[in-house]
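Dock chain D against the given chain L, drawing on the hints supplied.
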Amino acid sequence: MPSLRSIRGRIKSVKNTRQITKAMEMVASAKMRKAQMRVRDTRPYAEKILELMKRLSAIESNIPNIFFKTRPVTTIGIILVSTDRGLCGPINFNVFRQVFRFMADRPGVRFEFVVIGKKGQDFLRRSGLKGIGSISGIKDRGEIEEILPATQVAIEEFQKERWDEVWIFYTHFESTLSQKPKMQKLLPIGSDLGDGKTNAASPFLGEYLYEPDTKDILEVLVPRYFESIVFQRVMENFASEYSARMMAMRNATSNAKEVIYQMTLVYNKLRQAAITREISEIASGADAVQQG
Amino acid sequence: MGFILSLVTQERELISEEVDFIKANGVDGEFGVLPGHTPFITLLDPGELVVRKGDSLYAYYVSGGVAEVLPKSVVILANTVEREDEIDEQMARKARHNAEEALKQPITESERQTYLLDLKRETVRLSIVARRRSGQHPGQLTEEDGGGPFHI
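Line by line, the protein sequences are chains L and D.
Residues 6 to 297 (my numbering) make up the first sequence, in order.
Residues 31 to 182 (my numbering) make up the second sequence, in order.
Looking at chain D on its own, in the form it has when it is part of the complex:
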C-alpha cells in the first residue's frame, strides 16, 4: 500500500497517482515519506524530488514550494518543476558558470545571496543530469547521500 502523491504547479499537474516513497528537499533538510507519515507541512528549497513507484524511480527538479504530508497522501504545490529529461544541461552549466564568476566580483550582499541561490539551483540541476547520464538510478545511494531514510 502506497499513498497518493499529487505534484502540481500553477501551470500543470505532473503526478496524481499512488506511489510508494518520495524524498524531497525541505527548508529544514531532506525528508523521506513512506505511507502513514505524521501530518506535516513544510516549505521546499530548490532541490531534487525522488519518487518511487513499484520498481521505478523518477527524479524531478523542484524550484521550491510547499509540501503537505498526510498519512495517506502528499500534496506538493511546487513553484516550477522540471522532469529530469526536461533539464537543459547547457543552460544550467552556463548559468552556474555565470554565478561562479559573479561571486568572484565585489558585489553587494543582496546580490551575493541571489547568485548563491543561482549557484545552488544549477548545481542541483546538474547533479540530476549527471546522475541520469551515468545511468545510475536516482535512488541508488551514494556516499554523499549518507544513507538517510532512503532504502530500496
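Same shape as in the complex, but just chain L:
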C-alpha cells in the first residue's frame, strides 16, 4: 500500500502536468486558428499555378525548358517538411514512414534530402540518409523568402541534372481532427504533378500565344511555381502541426484528469482507512484500560 503522503505528492505533480498541457493546448489552438486561415488563403494560388503547369505540359509536347524534360531516374531529391518541435502527435512519424515506403518501392534509386524542420534533421541522422541542406526555425507567419534557400538548392540540383526528380513530403491539413501525410512530385513538370491525377485536361485545342515568348515566361513561371508550392506545403505543415499538438495536448489533459480522479479515490479510501484504524485503536485502548 502506498503511503498517504506519497499519493498526495503524485496528485500534485499530475495536477502540475495537467496545467502545463492545458496551457499548451490553448497556445496551440490559438496558433492553429491563424495557421488554418493561412492555409485557406494560400491554397488558391498554389492550386492555380499547379493547374497551369499541368496544362502547359499537356498542351505543348516540346517545351524548350529543362524542367519539362523527363529523364531516366537514378537520383531522386526529396524535400522533407517536418516540424521544429515535438509533442504534436504522430504527424512527423507518419511522414517519415511514408518516406521509407516510397524508398522501398524504388530499389536501385539514390535518394538525397533537403529538410525543413528540426525533426526531419534528426530523422536523417538517425536513419543515415543523405541530406544536402536543411533549414529550421521558420516562422508560421513567415514570408516565402524563408524557404528560398531550400528551393534554390533543389532547383539547382535538378538543373545540374544531379537530381532527376524532385518530390515533396509533408503533412496535409484536412481538418483539426485529421492530417494526412502526403507526397507529391514537383519536377520534372508533367501531367502527373501533384497528386498524380491527370485531370487537367486541356480546356481548348491548340496552343497558347505567349507574350513576350515561351522562354521568358517559363523563366519566371517555373521558379515561381516551385517556390510557391513548397511554401504552401510548409504552411499546410504548420496548420497540421498545431492541430495535432492541440489534439495531443487535449488528450493529455483529459488523461491527467482521469488519473487525478482515480488517485483521489485511492487517497480518500486510504485516509478513511487510517481514520478508522486510529479510532479502533483508541477504542480498544480504552477497553483495555476499563477492563484493567
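Hint data in this document are derived by calculation from the structure and do not stem from the laboratory.
Every value quoted in this text rests on a predicted model; they were computed, and no experiment measured them.
Keep in mind that a hint or two might mislead.
Unchecked claim - Facing chain D, a subset of chain L residues (Cβ under 8 Å, in silico):
#1 Thr-47
#2 Lys-53
#3 Val-225
#4 Ser-233
Unchecked claim - Here are some chain D residues the structure puts well away from chain L; computed CB gaps all over 12 Å:
#5 Arg-42
#6 Thr-72
#7 Lys-134
Even glycine gets a Cβ: it sits at the ideal position worked out from N, Cα and C.
Only chain D this time, still in chain L's reference frame:
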C-alpha cells in the same frame, strides 16, 4: 455571359467570380479581355487592373505576375495586389519623391533602373488614387487612355 476571373496572390485570393471584362497591363502593353478571348499567357508589368462586373468597376494595383487567358476563364497569378482603397497615398507620394530625387543624383545604371521602376510603380499607384478621389469611374475613358478596347 462573362468569364471566370481568379485574381490570386501567394498570400490570398482576391477574386474568384464571373466578370464581364478586364483590362490589365502586360509587358507588351495593355490588353483587354472579353469572353471568348484567344488563349494566351503573358507576364504582367506593374500597373492597374480594371475589372468590370455588371455595372460595377473595380480597380486594383498589380505589381507584376503572370496572366493566363482562356476563352472562359482568366487566371492572374499576381506578385502583390492592392485594392484601390488599400493604397497608401502618402507612402506612395514619398516613395515617388525619393525616386525622383535619387534619379537626379549621379548613380550607376543598375541603380537607375531600380529607381525608374520605383517611379513607374508609384506613379501608377498615385494615378489610381487620384482617379478614385476625383470620383471618376476607373473605367471612364480619358484622353490619355486613348480609347483602346475599353468601351462601357
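TODO: Let me know if the C-beta of Val-225/L comes in closer than 8 Å to any C-beta of chain D, holds or violated.
DONE: Constraint on Val-225/L satisfied, holds at 6 Å.
TODO: Would you assess whether Arg-42/D, listed as outside the interface, keeps its beta-carbon beyond 12 Å of every beta-carbon in chain L?
DONE: violated (5 Å)
Task: Interface exclusion of Thr-72/D relative to chain L, criterion Cβ beyond 12 Å - done: violated (4 Å)
TODO: Tell me if Lys-53/L is really an interface residue toward chain D, meaning its C-beta lies closer than 8 Å to one of theirs.
DONE: Hint on Lys-53/L: holds, closest Cβ of chain D at ~5 Å, below 8 Å.
Open item on the list: Checking a non-interface call: every C-beta of chain L should be farther than 12 Å from the C-beta of Lys-134/D. Is that right?
Closed with: holds (32 Å)
Task: Ser-233/L as chain D interface residue, shortest Cβ-Cβ below 8 Å - done: With Cβ-Cβ at 6 Å, under 8 Å, it holds.
Task: When the least beta-carbon distance from Thr-47/L to chain D is tested against 8 Å, hint result - done: Holds - the Cβ of Thr-47/L comes within 8 Å of chain D, reaching about 7 Å at its closest.
Of the numbered hints listed earlier, those contradicted by the structure are 5, 6.
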